[in-house]
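Listed in order, the protein sequences are those of chains C and S.
Numbering that gives the first Met the number 0 applies: residue 0 is where the first sequence begins, and numbers increase by one.
Numbering that gives the first Met the number 0 applies: residue 0 is where the second sequence begins, and numbers increase by one.
Source of the hints: derived by calculation from the structure; they are not laboratory data.
Keep in mind that a hint or two might mislead.
[Said to hold, decoys possible] Okay, derived cross-link-like pairs now, DSSO-like style, lysine-lysine, Cα gap no bigger than 27 angstroms in a straight line:
1) C:K221 <-> S:K70
2) C:K171 <-> C:K81
3) S:K36 <-> C:K195
4) S:K138 <-> C:K119
5) S:K70 <-> C:K119
6) S:K138 <-> C:K217
[Claimed, not checked] Label pairs and their calculated CB-CB ranges:
7) C:E165 <-> S:E111: 25 to 31 angstroms
8) S:H61 <-> C:Y257: 52 to 58 angstroms
9) S:R41 <-> C:N281: 49 to 55 angstroms
For every residue, glycine included, the Cβ atom is placed at its ideal position computed from N, Cα and C.
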Amino acid sequence: MAVCARGLDKFVASLRFCRKWQLQNERLFSTSACRPAAGSEPPKFVPPSKPVIVDKTQSVASMRKFLSPEFVPPRQRTAPFKFFLERKDMVRRRKMLNIPEFYVGSVLAVTMADPNASGKTNRFVGICIQRGGKGLGATFVLRNIVNGQGVEICYELYNPRIQKMEVLKLEKRLDDNLMYLRDALPEYSTIDPEMKPVPFSPTGEVPVNQLKVRMRPKPWSKHWERPKFNIQGIRFDQCLTPRQMEGAQKRAQPWLEYDMLKEYDTSKLQQQILQEVELTENCRTM
Amino acid sequence: MAFPRLLGQLPLLLVQTSSTIIQRNFSVSTAAAAVQKMTRVRVVDNSSLGNTPYHRPPRVIHVYTKNGVGKVGDKVLLAIKGQKKKALIVGHKMPGERMTPRFDSNNVVLIEDNGNPTGTRIKVPVPTSLREMKGDYSKVLAIANTFV
Chain C
0 MAVCARGLDK FVASLRFCRK WQLQNERLFS TSACRPAAGS EPPKFVPPSK
50 PVIVDKTQSV ASMRKFLSPE FVPPRQRTAP FKFFLERKDM VRRRKMLNIP
100 EFYVGSVLAV TMADPNASGK TNRFVGICIQ RGGKGLGATF VLRNIVNGQG
150 VEICYELYNP RIQKMEVLKL EKRLDDNLMY LRDALPEYST IDPEMKPVPF
200 SPTGEVPVNQ LKVRMRPKPW SKHWERPKFN IQGIRFDQCL TPRQMEGAQK
250 RAQPWLEYDM LKEYDTSKLQ QQILQEVELT ENCRTM
Chain S
0 MAFPRLLGQL PLLLVQTSST IIQRNFSVST AAAAVQKMTR VRVVDNSSLG
50 NTPYHRPPRV IHVYTKNGVG KVGDKVLLAI KGQKKKALIV GHKMPGERMT
100 PRFDSNNVVL IEDNGNPTGT RIKVPVPTSL REMKGDYSKV LAIANTFV
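For reference, chain C alone in the conformation it holds in the complex (with noise of 0.2 angstroms):
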């Protein structure tokens, strides 16, 4: 060691001295002889190549860019002050539990903490038919049927007692509200408390469940043939004559399609709010 000691301060005391030499001497030197001969070019300046980063720290999830509809404010008198705080707090929350990315029709199993269950933990595996709230109040249904009987629990996604949520299965449905699934036949809401998870890619778009459900004879909690609800996923020829069909479409109002008053472009928002919770994201992670 102390060889090398010695060997590295003669090597710099070395090269101080060609420094200290070179400094000195350029003044005498004149520059122009340190310029290449007239007529061939200089070499061409090549950046060295840049780095691929493989950005492993980053959960596989978060590579597609998606802002949880709940983050979005609904059009109302209320000062957006409100919001920001709402999201900040949204955030933070995020930063202790991963939320992950799930549609309405994506089978969750959620384990929440439960002072009455053995274990003190409670795990429910279901497909999510309803996401609704927005800020801290978001809520979402996850329907199962257990042991013959259809059991539905609306989960609060920001309450400090969900420990974990899983997605077993990334998929979107025809529709977004799959409430008709309660007077569907059993087996489209069965769904088995041992699945595995059903490994989804992170990149690119959310496979779609092009999936058309059979129904039970009616009466049906809802009028799931009327317009109103626009409900693509149920096979009405298997369970309503055309006559019947024809009767639900005389409640259509076809002229709410260009009501003006009813529009609301989320688009910008959305990128706004995007860009924020990014930042906030960034901020608290440095």
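Here the structure of chain C is known, so what remains is to put chain S in place on it, guided by the hints.
This is chain S only, laid out in the frame that chain C set:
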């Protein structure tokens, strides 16, 4: 088949998408239906009284609460097979608190006057909130198989 519809609560569901116009201002949940007098219920234990077929379904004729509305853990009086029997509500169709389960049928377990259940097993899942209810439901919980 006329259910009393409580139209008091109609949650507004606004679906925002990045494109314009697609908005819904209606409720997609069923009418709130709690257990009250004349409600037809489903007996979920394996007692003979609850499972033998009869030409009339079991109906609630009295709810032992201050208001006449029965929720999970409330005792009710049923009319089954021409006789009166007490029962305990273990799940209803009405959406309750967030994070608690909502069942697709109004489930009921037959009990005696001293609180002992008539049946010996409950196959249907039972909410865990029964454990912290006031009243001695330990025997009913003991015969339950699965908890939600």
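Right, here's what the structure says about each hint:
1. Straight-line distance between C-alpha atoms of C:K221 and S:K70 comes to about 24 angstroms, which keeps the hinted pair within the 27 angstroms bound.
2. Annotation: proposed proximity of C:K171 to C:K81 is violated, straight-line Cα distance about 31 angstroms (limit 27 angstroms).
3. Taking the CA atoms of S:K36 and C:K195, the gap is about 44 angstroms. The hint is violated against a cut of 27 angstroms.
4. Between S:K138 and C:K119 the CA atoms are separated by roughly 20 angstroms; this keeps the pair inside 27 angstroms, and the hint holds.
5. Distance restraint check for S:K70 and C:K119: the Cα-Cα separation of roughly 24 angstroms lies within the 27 angstroms cut-off, and the hinted pair is therefore satisfied.
6. For a cut-off of 27 angstroms, the pair hint linking S:K138 to C:K217 is broken: about 39 angstroms separates their Cα positions.
7. A beta carbon spacing of about 43 angstroms between C:E165 and S:E111 contradicts the range 25 to 31 angstroms that was offered as a hint.
8. Taking the beta carbon of each, S:H61 and C:Y257 are about 54 angstroms apart, inside 52 to 58 angstroms as hinted.
9. Distance hint for S:R41 and C:N281: a CB-CB separation of about 53 angstroms, consistent with the stated range 49 to 55 angstroms.
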